[in-house]
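Novice: Please take these sequences and the hints and turn them into a complete structure.
These protein sequence lines are chains A and H, in that order. Per full-length UniProt numbering, residue 1 is the first one in the first sequence, and the count goes up by one each step. Per full-length UniProt numbering, residue 1 is the first one in the second sequence, and the count goes up by one each step.
To be clear, the hints were calculated from the coordinates, so they are not data collected in a lab. Ideal placement from N, C-alpha and C gives every residue a C-beta, glycine not left out. Everything hinted at is true.
Derived, one-sided and incomplete: chain H residues facing chain A with beta-carbon distance under 8 Å:
| id | residue |
| --- | --- |
| 1 | 30 |
| 2 | 44 |
| 3 | 137 |
| 4 | 205 |
| 5 | 221 |
| 6 | 252 |
| 7 | 420 |
| 8 | 424 |
Covered stretches of chain A, as calculated for chain H (at least 3 residues, CB under 8 Å):
| id | stretch |
| --- | --- |
| 9 | 32-43 |
| 10 | 53-63 |
| 11 | 292-300 |
Heads up, simulated DSBU-like pairs for lysine-lysine below, C-alpha to C-alpha not over 35 Å straight-line:
| id | chain 1 | residue 1 | chain 2 | residue 2 |
| --- | --- | --- | --- | --- |
| 12 | H | 407 | H | 314 |
| 13 | H | 72 | H | 164 |
| 14 | H | 361 | H | 407 |
| 15 | A | 66 | H | 429 |
| 16 | H | 429 | H | 167 |
| 17 | A | 99 | H | 187 |
| 18 | H | 314 | H | 402 |
| 19 | H | 112 | H | 154 |
| 20 | H | 74 | H | 490 |
| 21 | H | 205 | A | 66 |
| 22 | H | 516 | H | 220 |
| 23 | H | 264 | H | 220 |
| 24 | A | 99 | H | 190 |
| 25 | H | 288 | H | 234 |
| 26 | H | 430 | H | 490 |
| 27 | A | 66 | H | 149 |
| 28 | H | 220 | A | 99 |
| 29 | H | 516 | H | 112 |
| 30 | A | 66 | H | 220 |
| 31 | H | 429 | H | 490 |
| 32 | A | 99 | H | 264 |
| 33 | H | 361 | H | 314 |
| 34 | H | 490 | H | 368 |
| 35 | H | 149 | H | 487 |
| 36 | H | 74 | H | 361 |
| 37 | H | 72 | H | 351 |
| 38 | H | 416 | H | 330 |
| 39 | H | 416 | H | 366 |
| 40 | H | 416 | A | 66 |
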Amino acid sequence: MGLAGLIARRAGRRIVSSLPALLGVVVFTFLLMRVLPGDPAIFFASGPNAGQAEIEQIREQMGLDKPIPQQLVLYLRDIATGNLGRSMTTGQPVLSDLKNRLPASLELTFVALILALSLALPLGILAALKPNSIVDNAVRFLCTLGVCVPTFVSGLLFIFAFYYLLGIAPDPTGRIDIFASQPPVVTGFLLIDAALAGDWEAWRSAASRLVLPASTMALFVLAPLARMTRASMLAVLTSDFVRTGEALGLSRRRVVLVYALRNALLPVLTIMGIVFSTMLGANVLVEKVFSWPGVASYALDALLSSDYAPVQGFVLLMATIFVAVNLTVDVLYGLADPRISIE
Amino acid sequence: MTITRRDVLAGSAALATAATMGGSASAQTRAETLRQVTGNAVNTLDPTMPGSTREAFGISVNVYDRLVSFGKKKLGNGWVFDPDTIRGELAERVVTSADGMTFTFHLRRDAKFHDGAPVTAEDVKWSLDRAVSARSLAAAQIQTGSWTKPDQFKIIDPFTVEAKVDKPDRLALPNLCTLYCIIFNTKLVKPHMTAQDPWAQAWLKDNAAGSGAYMVESFKPGEQVVLRRNDHWKGGEDGKPAHFRRIICQTIPEAATRASLIEKGDADIAIDLQASDVPTLATRERVKVVSTPQFNAFTMVAFNTQMAPFNNVKLRQAVAAAMPYQDIFKAALFERGAALFGGTWTEGPDKAVFPQPMPLKTDLAKAKQLLTEAGFPNGLDTTFSFNVGSAAVSEPMAALIKESLGKIGIRVDIQKLPDAQISTLVTEKKLPFLTETSIAWLPSTDYFFRNFFTGDQRWNYSSWNNAEINALTAQARFEQDAATYEKLCKRMIAVLAEEVPMIMLWQPNQDAVMAKTIDGYVYGYHRQVDYRDMKRV
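Specialist: The following block contains the structure:
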């Protein structure tokens, strides 16, 4: 069997084995939402003069008039048919809301992750090559700074400095200039859609709006990535095969970048998977600060107003993404180190 | 085909021209566009949908027309809606019968829906039938004006509609001015009616079928709404279309970002900035601030009058005398509003308007004495609740109340609750002592009392059930004689001052912060921006 077939079989088995976990997440979130205090029907009926009749009507609309076990069964049936319910906050089906908003969150997260990796890998390697030197300490300082400043603080600071004071950043609202024309939606990723449409003005507008939020996120996750790279490089650099390589007269560059780094990447990959999943959820503050129309801020708004359907939909989405990311990481493991096979 | 050097040159010249023209075109669009930034999102195009946000109300006011609407008057340094003058919107004129029970609406002959179809009596009848029949927010509101069933609306001829009430209700006509009584284009709506949804509520949530000054160009729920001017609309006061060609209403959750957008000139108007930011913005002078007292709103502290210990009148009076009025007005609201305490009358009010300053002032010695008379010489323990959404104002308020009541022996535990949770507890009447801000769309005294001081609905925050007030409000509603009405209202206010089921604190200002070039802002009953009045000068 070829490598591709092996990977596909492995992936299939992993997906099947993660189904019980997803089901557990669905049931748990469902129950959790119902024990939280606050009656959504009353909240949404809070218009002028809304009385008991309106409350009852909304309760019925949201299906809250039925006993909880029955609600759960109905909910599971709906999920099986791809119906995640309707959001009271936006008035739209949750599925279409998530579909519209997920690309925004993913685009931001991907760009932030690439940005973070392109900084963290070199910094981590540099720090590992000269442990306890000035470089190492400078990297440590940067990481500490990044991790201890909350994203909403750094985000607001960035806005204040680059938009308000210096005026070099575009107005920090949304993914594209509100007066610019939007490229037709193909993938939902604005950078890709604009490039496909050949609309470079829109591409520039979208890209320039990504800089501040992505930097905010990147700064926040720099620490785990750089620290993990450093630690794992340190361990590898002292191992036998590196010493052998050096003794054989291979160039320092070749030893570090080809032999050592490839072996040091495994733990970094693991961390990357975790960082990616947490970023998607932890984006919420960045999304709020930059009015980014992503899924995390959507879920937060829903949670504050006890809007059950979007919160449940969001948790399910996150769980699915987590499963997918773990799977990808496992596959990448196999590519980085063929000795590893996960069954 | 061969491409010569000349072709290339001509081509690039054309491109260069196109580029400059494109630039000027978009600059022009910017000048002709009004960009409003709001904290909340528009969640429906049909404002009668249960759960619609205030921002959704604002959009619908501009997209739909009503038969009649309120005029405007000067108040403070700005314009506000005038509930006492009613002018035609789709109706050219309204004839009220001598007994005040029949209203005849003569429609404008030139009024057209966005698709060009004329607005007819049939559309009006269907829309009003929908308002009283569909299960929506509209029915609950307009029954306060005695509109309850479709039989009340009759088509006289294609451009005349008659509406009748059984008793001369003071609020019958004002209710038809509210944003719930919008007129729909029945030709567009009817194909979307189904057996389960006879009033096409599902379709109208995402689609507009109106005749208003603006048409919906794009609607992204939770993000933004873009409106385009309806050039055929002539419903403004001067009979001209609205000024702005385009309107963008965009959701920006972070208040600080909204403030910097306005200050940098990237956005044109915001009405929901943080109260503490507004004075700073005003002093930096790059923007214009129009502050109008929300004369139909109020912030109050309510007691649960149906539950111990606050079912005790003396105790309520004691707390009212211990409230640090001026301090909280200053610390929580930066005095940006009209005070509703410190009235000087004793026997009864001089005016019948409400809310008005009540005769309440801080007097700790009197408070201590009243507390003893109430049977609590050693004080008591209670909780004071407010919602997280109002923390900027309520947090300092709660701290000062706790401190001041502590001086007379009342130990207050502060309880900060998420919005959904406090709505539930308020509706279920489980909180003993709380603060909220509320609003009455139709600010007449009897309406205030009917909504906030009688009945068991959520808005009767203090669950007050006073036989005299119940009788007075029932009578005032249908009272045609102005002098008698005034007498009834003054009596209601006097009873309120005596029994203090609720302590009125203030009417917060509506601070509209806008670019210096923007003019024409009017404070509306819905607390939103009416784009039809707005101009860039």
